[in-house]
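Visitor: Full structure from sequences and hints, please.
This is what each chain is made of:
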Amino acid sequence: MRITAFTQLILVLAVTAWVFLLPVPLVATILALELVLLLYIKHDRMTMAAIGALTVFTGMMIVLQLLFGSSLYVSLTGGLRMFVMTTAFLCLLAATKIQDIAQALVEKFHLPCEYAFMLTTALRFVPDFLADSQTTLDAQSCRGYSNRGNVLKRLYSYLAVVKPLVMRAVAKSDTLALSMELKGFGANTYKNMAPQCLGILDYTVLALIIFMSAYPYWQKYI
Amino acid sequence: MIETQAVNFAYRRGEPVIFDISCTIKDGEFVALLGHNGSGKTTLSRLFMALDHPRSGRVLVDGNDIAKLEPADLADRVGYVFQNPDLQILEDTVFDEVAYGLRCKKMTEEIIKKQVKDALSAMGLEDLADAYPRALSFGQKRRLGVAAALALQPRTLILDEITNGQDEQEKEDMMDYLLKLNKEKQITIILITHDMNIARKFTKRVLVLNDGNLVFDGETAALFDGSKDIEQWGLKQPVLSQLGAKLGITALTPEEFCQKVSLKVGEKQ
Chain A
1 MRITAFTQLI
11 LVLAVTAWVF
21 LLPVPLVATI
31 LALELVLLLY
41 IKHDRMTMAA
51 IGALTVFTGM
61 MIVLQLLFGS
71 SLYVSLTGGL
81 RMFVMTTAFL
91 CLLAATKIQD
101 IAQALVEKFH
111 LPCEYAFMLT
121 TALRFVPDFL
131 ADSQTTLDAQ
141 SCRGYSNRGN
151 VLKRLYSYLA
161 VVKPLVMRAV
171 AKSDTLALSM
181 ELKGFGANTY
191 KNMAPQCLGI
201 LDYTVLALII
211 FMSAYPYWQK
221 YI
Chain B
223 MIETQAVNFA
233 YRRGEPVIFD
243 ISCTIKDGEF
253 VALLGHNGSG
263 KTTLSRLFMA
273 LDHPRSGRVL
283 VDGNDIAKLE
293 PADLADRVGY
303 VFQNPDLQIL
313 EDTVFDEVAY
323 GLRCKKMTEE
333 IIKKQVKDAL
343 SAMGLEDLAD
353 AYPRALSFGQ
363 KRRLGVAAAL
373 ALQPRTLILD
383 EITNGQDEQE
393 KEDMMDYLLK
403 LNKEKQITII
413 LITHDMNIAR
423 KFTKRVLVLN
433 DGNLVFDGET
443 AALFDGSKDI
453 EQWGLKQPVL
463 SQLGAKLGIT
473 ALTPEEFCQK
483 VSLKVGEKQ
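Chains as they are written, first to last, in the working numbering: chain A, 1 to 222; chain B, 223 to 491.
Honestly, the hints are just simulated from the structure, not real lab data.
Quick reminder that beta carbons are idealized off the backbone N, C-alpha and C, glycines included.
Among the clues, some could well be false.
To be verified - Mimicking BS3-like on lysine-lysine, the simulated pairs with C-alpha atoms at most 30 Å apart in a straight line are:
1. K153(A) / K335(B)
2. K335(B) / K163(A)
3. K450(B) / K405(B)
4. K405(B) / K172(A)
5. K163(A) / K450(B)
To be verified - Stretch by stretch, here's where chain A covers chain B in the computed footprint (C-beta under 8 Å, at least three residues):
6. 333-344
7. 411-422
Guide: Next comes the structure, spelled out in structure tokens:
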């Protein structure tokens with residue numbers, strides 16, 4: 001039994017709000033739950049790398065906040081909130097097919113299908129874009145272009161990748177547009193898929209979301 | 223000269239794909255690298271260009287470890303033409319595309335113009351110098367890739383599936399030109415291909431990869447004489463070799479085949 005993409009999206013949005021509403025110990029508990037869930041869903045090297053990169057980024061954010069005069073508590077809380085929000089999205093992407101997310105956005109949130117497609121395409125293009133940049137570097141290296149040297153020189157030489165990368169992205173989007181047109185992309189694209197019906201688990205999760213989101217109102221009774 | 227010494231390779235997130243390959247490709251050779259899809263042909267050729275680095279073993283170009291060579295030095299010695307020509311395009315015009323490597327070498331505009339013109343006319347693209355490279359046909363893009371590699375005047379050319387997407391006449395023209403380069407300028411050609419007929423007709427030596435192992439390294443005639451069961455490596459004998467095997471004849475070209483058949487018929491009569 002699984003919860004639908006709709007409920008998962010609501011849950012992610014709710015987590016984004018909870019990091020500001022709930023006390024820090026509860027936010028930390030959510031983080032622990034998220035990490036357990038993420039590693040349960042997907043425990044490959046990519047996931048570990050994503051968690052590692054996120055940890056480094058959070059660390060950098062905390063250090064920057066400290067450098068700009070924030071207190072240790074504020075810096076750590078800020079870092080924790082960012083980590084929890086991002087991990088929630090990682091869980092969503094690991095647990096749900098992009099197509100299902102797009103369908104939920106169109107079907108349940110009544111987002112125009114063009115926008116839903118734009119969102120899913122952007123997500124899908126990230127790994128493509130990374131692969132393309134590596135291929136461009138390879139093509140340049142084969143013609144004698146060197147991106148070796150110190151950090152500054154390497155950063156500068158990466159600028160040379162931008163132009164061919166943009167040209168390729170434009171060519172790719174052109175092909176994608178043509179292919180969408182040929183396949184009849186339009187208002188019915190996501191409506192022809194099997195509808196995502198909410199089950200008992202969805203309603204339970206949604207009830208829990210409402211209960212947790214009402215924390216500011218019932219906290220005084222605890 | 224390209225030499226591999228006990229090269230092993232695995233991609234970062236995967237199983238090993240190249241196992242203990244040692245071979246030497248001497249100057250002036252015309253070699254075909256054959257193998258089924260996923261056998262490791264492109265991976266091996268990427269190791270030749272230092273686009274990937276072996277887990278163990280070494281790749282040497284003219285006796286130098288390529289891990290220690292600068293990209294410009296390596297590009298001077300070895301030219302590489304990608305399997306997908308779209309991936310190789312870096313500039314907005316055909317001229318600039320071919321001139322890219324020369325500009326990296328900081329050559330004078332005069333030399334650049336001359337070398338680009340020579341490379342374009344060799345590939346029959348001189349009239350398209352101002353065209354947008356992505357708007358070219360697939361075959362033209364392939365020839366552009368070769369022209370861009372040739373402009374740097376390397377001593378070795380590695381061509382990955384160069385005949386794909388070209389019609390028969392274009393294939394013949396391209397191969398004739400490569401043969402001419404090999405014979406007249408002693409440029410080493412390493413041809414990665416699936417096309418057994420091309421390998422049989424134009425190359426003198428063949429390397430066969432099967433699941434990352436080098437299973438055959440020898441003369442082209444020895445591979446296609448019908449005595450080897452090349453189907454076990456996912457390859458198929460060309461029709462001429464199949465016919466030859468039935469008749470007990472080894473021939474690499476239709477002319478040679480006809481000659482040997484006539485001789486055989488003559489002997490019987």
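Visitor: None of the hints should be skipped; say for each whether it holds.
Guide: How the hints compare with the structure:
1. Distance hint between K153(A) and K335(B) is fulfilled; the C-alpha atoms sit about 29 Å from each other, no more than 30 Å.
2. The hinted pair formed by K335(B) and K163(A) meets the criterion: a straight-line CA distance of about 23 Å does not exceed 30 Å.
3. Restraint check for K450(B) and K405(B): satisfied, since their Cα atoms lie roughly 29 Å apart, inside the 30 Å limit.
4. Between K405(B) and K172(A), the direct Cα distance comes to roughly 40 Å. Violation of the 30 Å bound is thereby established for this hinted pair.
5. For the given pair, K163(A) sits about 49 Å from K450(B) by alpha-carbon distance, which is inconsistent with the 30 Å threshold.
6. Residues of the segment 333-344 of chain B with a Cβ under 8 Å from some Cβ of chain A number 0, which does not satisfy the need for three, so the listed coverage is violated.
7. Chain A is given as covering the segment 411-422 of chain B, and this is violated because 0 residues of the stretch bring a CB closer than 8 Å to a CB of that chain, at least three being needed.
In summary, the structure is inconsistent with hints 4, 5, 6, 7 from the numbered list given earlier, while agreeing with the others.
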